[in-house]
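Peer 1: One letter stands for each residue in the lines below.
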Amino acid sequence: MLVTQASFAAALLAPDLPCPAGLRAWNGSDPGARLAVYRNNVVSSLIDAVADTFPVVQELVGEEFFRAMASLFVRQHPPRSRVLAHYGTEFADFVDGFAPARAVPYLADVARLERARVLAHHAADAGALTAGMLGEAMSSGEDLGALKLVCHPSTSVVVSAYAIVSLWAAHQGDGDLSAVDPTLPESALVVRAVLNVLVLRLPPGAARFVIALQVGAGLADAAALAAAETADFDLPNVLALLMSHGALTSVQISRSRSQ
Amino acid sequence: MSTLSTAIAHRAKRAVPAAPKVRTEAGLPARAGVGLKPQHFRDVLEARPDIGFFEVHAENYMVDGGPLHHFLGLVREHYPLSLHGVGLSIGAEGSLDEAHLDRLDALIKRYQPVSFSEHLAWSSHGEVFLNDLLPLPYDQATLNRVCHHVDRVQERLQRRMLLENPSTYLEFEASTMDEAAFISEVIRRTGCGLLLDVNNVHVSCTNHSRDAVGYIGGLPLHAVGEIHLAGFATDHDAAGAPLLIDSHGAPVDEAVWGLYAAVLARTGATPTLLERDNDVPSLATLLAEAQRAEDLMCASSEPKRCGIYRGCS
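The listed protein sequences derive, respectively, from chains X and W.
Be aware that the first sequence starts at 1, since it is given in my numbering, and climbs by one per residue.
Be aware that the second sequence starts at 1, since it is given in my numbering, and climbs by one per residue.
In isolation and in its complexed conformation, chain W is listed as follows:
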């Protein structure tokens, strides 16, 4: 196809109302999405921004009724939904909480999200919920346990899940493999997908003095079902080395945008979430960040692979 005819074919697609799915399997559209925040419910429903999808934290919606369900139901009528768990504790030494899986199953049946994702981390010990994503040693015993838990999640929820790479601040003497190798093996054994959090890559690689590009190169990028972008805070360790903290409370850093562009060059346009959970700005500010992600997707993609028509020329 000539450049001109490509451009014409491309422009003709602008009239298509819904963004087509680029990936053949059911998944999020290859566009940018933002986290759905209660303070933006009414803005979203009134303005109906042209955005690829919304993502919510599953645990926030594990309540009986009220405004959260009311508004999520309305938003879901107009947008694809990504359900992102923060409390399943897949890395826990103990067994998975079956009651929590039941609650996830009920949410999935109710809202039919196109994607479900969770973290390579633990957050509960015994009965106590610690409300943070805690680190794991990368050894054989942990690998076996995490694979067993991912298998159980996928069996119970009857769907493929995406597993997110973590931000970490410590390493374990017991680790026998690097994080990318560990994640690759979980994906190979369980068939789950990868939620590639590019901010977490930057944070962890800075914190542990690793090469971020090399880390990404060690991951099975064919399995990436979603990308996360977020901001971090900067601190220092006891030796004065930079210690980045995954805060979800700041705009995406330029270094992370650069890494994101490098990922897109490898993966093509990929569903990308702009995460902001603290100091949440206006919806317009989040949408502007989402637009930047879509611009990078367009720049990285062959037109036929690009799910975004706004701004592509």
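If we strip away everything but chain X, and leave its shape as in the complex, we get:
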């Protein structure tokens, strides 16, 4: 009896499937008990990988609940990459749709924040834009509308209807968790400053501004979008915040404003 890798792989991820025929043990004992070692290796190691990426999600729901939720996730969404740093992209959406987790409405957004941290950790290296470089570009006589700011590869924004930055920070021992009102909306800036990944609470309009930059909007257009969202948008303050944490790498002159 030939055991195909397709049937073996299917049995690993589906605990209800019988042990494939064609496997044996030297003492004639049930090969299913031995297959269980592989089943456990696969599922446990993947749950561990998910737990490594989402430690605050685990703290929020407890280890037992988390591992039960993650075991369903790894069976429904096994890795498509051999590089486990890439694993977990679908986890936040999975949590969003996981009915037993609905009692913690901010759980999926905390997962998005933690996933963004791992991506930032491994993102490409790049230099940081300084205030001097930006000032030089702004005083070069170019139309301000032609200036484009390039974000650092590690930079990302997580927008939430919940206080995800305060919740996350409290789980790092920074702030009192019981004092956090989770229903206050917060947007997070995630960026790696040289070696350390930072999570910062963004001021009003800043999330809209950074997201616009990331999809290619020019400086003036991005600022206009942010200002349209909130009258509290403070461009100099936001630029200073982004530059001081290395979230921008360069300024480019774009000849076409429509780009």
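Everything labelled a hint here was simulated from the structure, so no lab data went into it.
You may find that some hints are simply not true.
[Said to hold, decoys possible] Rough simulated footprint, nothing fancy, chain X against chain W, three-plus residues with beta-carbon under 8 Å: (1) 57 to 70; (2) 91 to 99; (3) 169 to 180; (4) 232 to 243.
[What the hints assert, rightly or not] Chain W side only, calculated, beta carbon under 8 Å to chain X, not exhaustive: (5) Ser124; (6) Val128; (7) Phe129; (8) Asn131; (9) Leu134; (10) Pro137; (11) Gln140; (12) Ala212; (13) Val213.
Yeah, the Cβ is synthetic: ideal placement off N, Cα and C, and Gly gets one too.
With chain X's structure known, arrange chain W on it following the hints.
Peer 2: Only chain W this time, still in chain X's reference frame:
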């Protein structure tokens, strides 16, 4: 050479800063090494322990940038590196993942490891990566396929690879040869080297009621380029027979140390990695295990073959 002059010549070599290579081909120094773990990066760079080499899992470094590359680059300036793949899936029924080979090639060009090794196992099926080293039937079709894949790896990476013997928990009715014969044939046909994982020998031989010494005797020991030592966990099968699990989460077992000494008696001093991937202890604890391996190498070796001068007398 008299015993006295041997001792003098030996002592004089203590001043040599870098351990010489015992094997004539380019390879790891015949010393002990440990796995390089992120939690030990700063300790390694500050203390610069006297250790033969560091080993990393290739897939952990297949990321664009950040601290992993930063620290591996710094450590590589001071130590030989062994690149150990865990995701190539050489035993897969499907063809090798050429994009993964490209990523390995890029890592090898960047870090210039002195050794590259992978496993006699499969870990991916179709697009799905199963994150475990899964077993193979030892039959002619599998042998042909594994040899073809090893040939392709060596051609693409332009170097000889080492193939590691696996820990297994099951056997296949379809197998027509034993594992040592299978591995010997892969090595004979492809010219690859052997990464002899002595813990895996102990685990698999216990799990399948084989004689570990006989198993080792059936391998082409001249092809051993590296040895792995690790710890295991103990479970039982459905009949209550011991079922050892390759956990990489415990100190090396005394039975494995004994088997290692028996291997060294046959091979002489050989590059040896202490593997610990789970419940990783302090760097000092790993270095103490590495020291024990070096002590056994010294005890097993003619002085001229020993790459270790610390503790040899």
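Peer 1: Which constraints among the numbered hints does this structure fail? Numbers only, ascending.
Peer 2: Violated hints (numbers, rising): 11, 12, 13; every other hint is consistent with the structure.
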